[in-house]
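Residue numbers (this note's numbering), protein chains in the order written: chain A, 1 to 288; chain B, 1 to 271.
Think of the hints as simulated: they come from the structure by calculation, not from any bench.
There could be a bad hint or two in this list.
As the list claims (entries may be wrong) - Quick list of in silico lysine to aspartate or glutamate cross-link-like pairs, DMTMM-like style, CA-CA up to 20 angstroms:
1. Lys-196(A) to Asp-178(A)
2. Lys-237(B) to Glu-121(A)
3. Lys-56(A) to Asp-166(A)
4. Lys-237(B) to Glu-129(A)
5. Lys-237(B) to Glu-155(B)
6. Lys-237(B) to Glu-122(A)
7. Lys-147(B) to Glu-231(B)
8. Lys-56(A) to Glu-231(B)
9. Lys-146(A) to Glu-173(B)
10. Lys-176(B) to Asp-187(B)
11. Lys-146(A) to Asp-175(B)
12. Lys-176(B) to Asp-178(A)
13. Lys-235(B) to Glu-121(A)
14. Lys-56(A) to Asp-78(A)
15. Lys-241(A) to Asp-208(A)
16. Lys-237(B) to Asp-128(A)
17. Lys-235(B) to Asp-128(A)
Only a predicted model underlies this, so the values are computations on that prediction, with no experimental measurement involved.
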Amino acid sequence: MTENGFINAQDVMFAYEPEEGREPRNVLDGVTISIQRGEFVALLGHNGSGKSTMAKMFNAMLLPTEGKVFVDGMDTVDEAVLYEIRRRVGLVLQNPDNQLVASVVEEDVAFGPENLGIPPEEIRVRVDEALKAVGMYDFRLNAPYKLSGGQKQRIAIAGIIAMQPDCIVLDEPTAMLDPRGRSEVLETIHRLNEEKGITIVLITHYMDEAVQAGRVIVMDGGHVLLEGGPREVFSQVELLKKHQLDVPQATELTYRLQGMGFPMPCTLTTEECVEALAAYLPPVQAVP
Amino acid sequence: MIRDIALGQYIPGDSLVHRMDPRVKIVLVFLFIVFLFVAQNFVSLLLLVVSVAACILLSGVPMRHYLKSVKAILFIVLFTSVLNLFYGGGETLLKIGFMEIKSGGVSNAIFIAVRIISLILLSAVLTFTTSPTSLTDAIERLMKPLKVFHIQVHEIAMMMTIALRFVPTLLEETDKIMSAQKARGADLESGGLVQRAKALLPILIPLFVSSFRRAYDLAMAMECRCYHGGEGRTKMKVLHAGKRDAVACVVVVVICAAVVVSNIVLPTVLS
Numbered sequence: 001m002t003e004n005g006f007i008n009a010q011d012v013m014f015a016y017e018p019e020e021g022r023e024p025r026n027v028l029d030g031v032t033i034s035i036q037r038g039e040f041v042a043l044l045g046h047n048g049s050g051k052s053t054m055a056k057m058f059n060a061m062l063l064p065t066e067g068k069v070f071v072d073g074m075d076t077v078d079e080a081v082l083y084e085i086r087r088r089v090g091l092v093l094q095n096p097d098n099q100l101v102a103s104v105v106e107e108d109v110a111f112g113p114e115n116l117g118i119p120p121e122e123i124r125v126r127v128d129e130a131l132k133a134v135g136m137y138d139f140r141l142n143a144p145y146k147l148s149g150g151q152k153q154r155i156a157i158a159g160i161i162a163m164q165p166d167c168i169v170l171d172e173p174t175a176m177l178d179p180r181g182r183s184e185v186l187e188t189i190h191r192l193n194e195e196k197g198i199t200i201v202l203i204t205h206y207m208d209e210a211v212q213a214g215r216v217i218v219m220d221g222g223h224v225l226l227e228g229g230p231r232e233v234f235s236q237v238e239l240l241k242k243h244q245l246d247v248p249q250a251t252e253l254t255y256r257l258q259g260m261g262f263p264m265p266c267t268l269t270t271e272e273c274v275e276a277l278a279a280y281l282p283p284v285q286a287v288p
Numbered sequence: 001m002i003r004d005i006a007l008g009q010y011i012p013g014d015s016l017v018h019r020m021d022p023r024v025k026i027v028l029v030f031l032f033i034v035f036l037f038v039a040q041n042f043v044s045l046l047l048l049v050v051s052v053a054a055c056i057l058l059s060g061v062p063m064r065h066y067l068k069s070v071k072a073i074l075f076i077v078l079f080t081s082v083l084n085l086f087y088g089g090g091e092t093l094l095k096i097g098f099m100e101i102k103s104g105g106v107s108n109a110i111f112i113a114v115r116i117i118s119l120i121l122l123s124a125v126l127t128f129t130t131s132p133t134s135l136t137d138a139i140e141r142l143m144k145p146l147k148v149f150h151i152q153v154h155e156i157a158m159m160m161t162i163a164l165r166f167v168p169t170l171l172e173e174t175d176k177i178m179s180a181q182k183a184r185g186a187d188l189e190s191g192g193l194v195q196r197a198k199a200l201l202p203i204l205i206p207l208f209v210s211s212f213r214r215a216y217d218l219a220m221a222m223e224c225r226c227y228h229g230g231e232g233r234t235k236m237k238v239l240h241a242g243k244r245d246a247v248a249c250v251v252v253v254v255i256c257a258a259v260v261v262s263n264i265v266l267p268t269v270l271s
């Protein structure tokens with residue numbers, strides 16, 4: 001494994017406190033993940049695969065029972081650097097309603113920097129910048145409860161950006177949003193990744209979100225099942241299906257056509273799929 | 001339906017009152033309320049009423065918001081006024097059976113009504129023009145001396161901030177749960193008091209459960225954002241009292257002094 005990754009998780013094991021009379025079960029069973037600076041990684045897996053638990057390892061909300069997690073060379077077990085780690089790796093949670101603290105948007109965004117003890121004038125600058133980065137500057141004086149889910153989630157992201165992190169981990173940020181909110185949030189995180197070079201770890205169970213990532217890690221039963229570029233990962237349709245994981249619809253279609261004897265390429269997006277199919281159609285005579 | 005509660009709702013704006021230091025506002029409102037009860041004659045009461053009206057005009061908040069908050073307490077005002085009609089001396093104005101209304105009673109009733117309404121309007125000016133965060137912030141600063149008695153001032157202020165933040169969220173949720181229970185055939189409107197209280201249980205239990213879940217989530221989100229108590233924490237908005245606050249203080253002190261003077265010079269109406 002690469003030692004120079006921004007986040008290095010080495011053989012991480014983790015078990016929650018077992019209930020009375022139950023055997024402790026490892027939620028994470030020897031996970032080794034390395035995330036490079038500036039990457040856009042999608043962490044896939046269905047419920048109970050350990051992906052959310054893994055997210056909490058990245059910013060020391062949970063500590064491994066065995067194994068190690070290093071963030072920028074710092075061990076997450078080390079209490080002395082706890083807040084330094086949490087500043088560098090921000091975590092955005094699923095429910096946008098439950099992670100906003102203040103009743104005014106800009107004051108909520110200021111919450112993180114205030115905790116870090118940043119001087120007031122600089123907080124002001126950071127808050128304005130963060131709100132502009134997520135396209136919510138015009139809403140800075142609004143009350144969060146009047147905003148839509150997608151807008152609230154963008155405020156939550158702004159609250160993390162104001163701490164000037166190197167990496168943002170998002171734990172199913174779009175699970176509770178409508179399609180419009182989803183695309184707002186996804187657009188925002190892609191832009192942050194490209195323009196500001198912020199490392200993004202997107203935890204999701206939406207395949208179409210994962211397709212847009214630079215690298216995909218598939219988790220199942222506390223293990224890393226597959227890892228690689230989206231095309232590499234989703235071409236293994238059989239393996240994914242065996243673990244009850246979906247593939248993008250376009251991939252599914254071309255996969256089935258392949259099974260029926262059509263020599264199709266593996267496609268990831270609807271556009272690609274349309275093009276591949278169009279190649280099979282006889283050329284249409286233009287109607288005069 | 002339960003969402004239009006006027007009290008404690010901040011209305012953003014940029015008026016003179018909005019821009020005042022919240023600490024000064026709290027102290028002055030408190031002082032003013034005390035003097036509403038110090039005032040013993042109509043001249044001083046009129047002075048105070050005019051001042052309250054001036055505050056309302058200066059706040060630049062639409063009248064309907066104030067009317068709404070007065071409407072909410074109208075019953076209490078009427079009730080206490082009517083009760084007060086029968087107290088107090090002076091000459092008898094009206095006699096119904098064994099009940100007598102005397103002139104002292106009438107002025108008593110007017111005084112109490114004006115006092116309660118002014119009190120509500122004044123606190124409305126405060127909450128309308130001050131964002132909940134700066135309000136709690138100001139309370140935190142004002143209570144700082146209590147740290148000597150080992151009172152966790154920062155924690156109390158943080159709890160207030162969060163409580164205020166979640167009021168609309170929980171109201172919305174209550175609405176949703178009520179609709180959900182109604183859809184399942186729950187009867188919330190009929191029956192006696194005991195039956196109705198019992199009918200509330202299926203609403204309160206889910207509300208409690210979800211509140212705990214929210215609290216857990218929020219605590220985690222706060223920890224993710226490096227929250228570790230009040231130690232070493234800074235504030236984006238630094239409170240500083242400026243010239244306009246000094247002017248406001250002087251004006252209020254003058255008014256209060258006038259009230260005291262009029263109490264000494266003019267004969268009291270209440271007796």
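Each hint tested on the structure:
| no. | hint | verdict |
| --- | --- | --- |
| 1 | Lys-196(A) to Asp-178(A) | violated, 27 angstroms |
| 2 | Lys-237(B) to Glu-121(A) | holds, 9 angstroms |
| 3 | Lys-56(A) to Asp-166(A) | holds, 16 angstroms |
| 4 | Lys-237(B) to Glu-129(A) | holds, 16 angstroms |
| 5 | Lys-237(B) to Glu-155(B) | holds, 18 angstroms |
| 6 | Lys-237(B) to Glu-122(A) | holds, 11 angstroms |
| 7 | Lys-147(B) to Glu-231(B) | holds, 13 angstroms |
| 8 | Lys-56(A) to Glu-231(B) | violated, 25 angstroms |
| 9 | Lys-146(A) to Glu-173(B) | holds, 14 angstroms |
| 10 | Lys-176(B) to Asp-187(B) | holds, 15 angstroms |
| 11 | Lys-146(A) to Asp-175(B) | holds, 16 angstroms |
| 12 | Lys-176(B) to Asp-178(A) | holds, 18 angstroms |
| 13 | Lys-235(B) to Glu-121(A) | holds, 10 angstroms |
| 14 | Lys-56(A) to Asp-78(A) | holds, 15 angstroms |
| 15 | Lys-241(A) to Asp-208(A) | holds, 16 angstroms |
| 16 | Lys-237(B) to Asp-128(A) | holds, 13 angstroms |
| 17 | Lys-235(B) to Asp-128(A) | holds, 15 angstroms |
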